[in-house]
Amino acid sequence: MGSSLFGAQLAAELGLPYAFASHFAPAQMMQALALYRANFKPSAHLEKPYVMLGFNVFAADSEEDAQFLATSMQQAFVSLRSGHPKRLPPPENGYMNRIGPPERALLDQVLSCSAIGSSDTVKLKLEAFIEQTGADELMITSQIFDHSARLRSYEITAKLRAMLR
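Heads up: the sequence shown begins at 781 in the numbering used here, then just goes up one per residue.
Hints may be right or wrong, so weigh each one.
As the list claims (entries may be wrong) - Capping the alpha-carbon separation at 35 Å, the derived lysine-lysine pairs in DSBU-like fashion look like this:
#, residue 1, residue 2
1, K939, K903
2, K905, K939
3, K905, K866
4, K828, K903
5, K866, K903
6, K939, K828
7, K905, K828
8, K903, K821
9, K821, K905
Stated by the list, open to error - Using C-beta positions, here's what the derived DEER-type ranges look like:
#, residue 1, residue 2, range
10, S859, S823, 38 to 46 Å
11, E907, A818, 21 to 29 Å
12, K866, S892, 21 to 29 Å
13, P870, E793, 38 to 46 Å
14, E907, D841, 15 to 23 Å
15, I879, K828, 37 to 45 Å
16, H825, Q912, 23 to 31 Å
17, H927, E907, 49 to 57 Å
18, E793, S928, 24 to 32 Å
19, A818, P870, 43 to 51 Å
No lab work stands behind these hints, which were simulated from the structure alone.
Small disclaimer: the values here were computed from a predicted structure and weren't measured.
Yeah, the Cβ is synthetic: ideal placement off N, Cα and C, and Gly gets one too.
Using the sequences provided together with the hints, build the complete structure.
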């Protein structure tokens with residue numbers, strides 16, 4: 781799995797599948813995908829390009845619950861990027877209201893490959909992401925503090941899988 785153009789070029793040259801860490805480093809995703817697909821050389825391993833992308837899902841039974849659960853990941857990214865990495869913290873009510881514009885901009889960028897919401901919202905975001913990227917496979921990650929809520933998020937996402945493509 782890569783998060784730079786080098787990995788895309790190498791996978792294309794070797795005729796290998798390409799996995800991109802868009803779930804935490806999406807800035808060069810579209811450029812990397814274009815580079816990989818344009819330069820792909822068929823090999824004994826693969827006849828045509830194959831792309832796997834990371835995607836964050838925070839699915840819950842309500843929009844509000846999903847937004848609340850996502851604050852754990854939001855806090856973790858802000859802490860990491862400000863030089864104070866820590867374990868995944870518990871979610872916080874009103875977290876987004878307490879951070880400033882620079883932190884919001886950071887989160888908008890690093891979490892742009894994410895779906896936060898109820899089943900309907902997550903389905904729409906997954907469909908849009910697949911349409912935008914042409915991904916062959918998604919690696920779903922859910923950095924949710926509470927284990928049962930994380931399992932529920934994966935259950936919701938698994939049910940949606942059959943409805944996609």
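Evaluation of the provided hints:
1. K939 - K903: holds (10 Å)
2. K905 - K939: holds (15 Å)
3. K905 - K866: holds (29 Å)
4. K828 - K903: Distance ~27 Å between K828 and K903 Cα, so the pair holds.
5. K866 - K903: Holds, because 31 Å separates the two Cα atoms, which is no more than 35 Å.
6. K939 - K828: holds (29 Å)
7. K905 - K828: holds (26 Å)
8. K903 - K821: holds (33 Å)
9. K821 - K905: holds (31 Å)
10. S859 - S823: 38 to 46 Å: Taking Cβ atoms as reference, S859 and S823 lie about 41 Å apart, which means the hint holds.
11. E907 - A818: 21 to 29 Å: holds (25 Å)
12. K866 - S892: 21 to 29 Å: holds (23 Å)
13. P870 - E793: 38 to 46 Å: holds (45 Å)
14. E907 - D841: 15 to 23 Å: holds (20 Å)
15. I879 - K828: 37 to 45 Å: The hint (37 to 45 Å, Cβ to Cβ) holds, given that I879 and K828 are roughly 43 Å apart.
16. H825 - Q912: 23 to 31 Å: holds (26 Å)
17. H927 - E907: 49 to 57 Å: violated (28 Å)
18. E793 - S928: 24 to 32 Å: violated (45 Å)
19. A818 - P870: 43 to 51 Å: holds (44 Å)
In terms of the numbered hints stated before, the structure departs from hints 17, 18, listed from lowest to highest.
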